Amino acid sequence: MLAKRIIPCLDVRDGRVVKGINFEGLRDAGSILEQARFYNGEMADELVFLDISASLESRRTTLEEVLKVSGEVFIPLTVGGGISSVERARDAFLHGADKVSVNTAAVSEPELISRIAERFGSQAVVVAVDVKKVDGRYVVHTHSGKKPTEYEAIEWAHKVQELGAGEILLTSMDRDGTQEGYDNEILKMISTTVHIPVIASGGAGNLEHLYKGFTDGHADAALAASIFHFRQHSIREAKEYLRERGIPVRL
Amino acid sequence: MVFIADYGAGNLRSVHKAFEYLGIEAVVSDKASEMSRYEKVLIPGVGAFGPAMEALNRQGFGEALKEHIDKGRSVLGICLGMQLFLSESEEMGAHEGLDILPGKVLRFTSSTDKIPQIGWNSVDYCKDSVLFRNIPDQSYFYFVHTYYCVPEEPESVAATTFFAGKNFCSAIEKNGIFAVQFHPEKSSEAGLQVLKNFAEF
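Each protein sequence line maps, in turn, to chains W and D. The numbers in our numbering rise by one with no breaks, and the one at position 189 of the first sequence is 189. The numbers in our numbering rise by one with no breaks, and the one at position 146 of the second sequence is 1146.
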């Protein structure tokens, strides 16, 4: 049976993993390679590297690190952050990424999704959709949730699917960082109406939240950062919890 | 030494890296004429069936592969590489395959499951096989595919996997012809062991 995936998301900068601790800013949490080894050993199903570097040069350093990861961690690797052209996507693939995640660039230039998909296959394109509830409507936002767009979430999800996205990474900006659980309402609305997998993101604070994301939210995969980073729970522990409750997982 | 056929079908790099990590020598080559120097050949694959067959034949890999198999040497097809071994595929119109194994490639249909299948699924063994040596039955492997193989000879099926309401053939093993629908190079420890088993048997 196809397993539900658990995906840790690592924020990276200059080739290092960074974590925000109690809103005190970012702290170095070791090299990308060290963290990747650790999560692979814990049975992470994939890894997402979200590059929050501001400069091209530090993004390059990150890609050099991803290349090292791809030489010894053999699970799917996704690189996001700054994928604004086919060339940037190609660069990520050449450095061992199996998928790229596009967000802001996809909204300002939707054809980019098709161009990457045509060249590298739909399986290599994850479209990150950041949503925020505005007057009862789920509105797609860009620039880390700062800028509202003209798109309503469900409409945009269907559009990216038609353009050739292979998966949708759905983040609730209202829940992100709150540890209150995923927004299962919008998750379900999108996951049950598109035919591509939907990855839940934003708000997971405990193991029950992961479970609810799969049951109430109908997610195909769950992405989480803080509950794994701070070693609140291990991935193995999360998977055991899910398996006991009838969710198929790889263990 | 493993010969990895480069016919422009992506994912060569990760397969090559997996062998490097395992300490097994492998070469990536787009020259079909060099294939005869190797005992083991690997046909990777990401992409569509029609264009892949065209590229294989244009570069002479189709012929070279048949000669390779006639000599009793072994080959491993991965994902699309597996599908290319069969007689025909219905991917975007009917296409002829290499016809090394009689059978068809069909599209998944399902009202409940999302197509393509993306993610980790378990593999159930149908017989003792070289590929799955030292790997527990029902281990998980990483799949990404819309089409699946239906070989005519049931005895060639090494393993099946449940998806879209059916147990489809996820691995084939017959007289040195090996094929897997999943990506061993992306399936962590279990996947690496499959590549090791192929290279070392």
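Derived from the structure by calculation, the hints contain no laboratory data. Some hints here could point you the wrong way.
A short, non-exhaustive set of chain D residues, derived as facing chain W with CB atoms under 8 Å [unchecked claim]: (1) 1064; (2) 1066; (3) 1118; (4) 1125; (5) 1188.
Keep in mind it's a predicted model, so treat the numbers as computed, not measured. For every residue, glycine included, the Cβ atom is placed at its ideal position computed from N, Cα and C.
Checked hints:
no. : hint : verdict
1   : 1064 : 26 Å, violated
2   : 1066 : 28 Å, violated
3   : 1118 : 5 Å, holds
4   : 1125 : 16 Å, violated
5   : 1188 : 5 Å, holds
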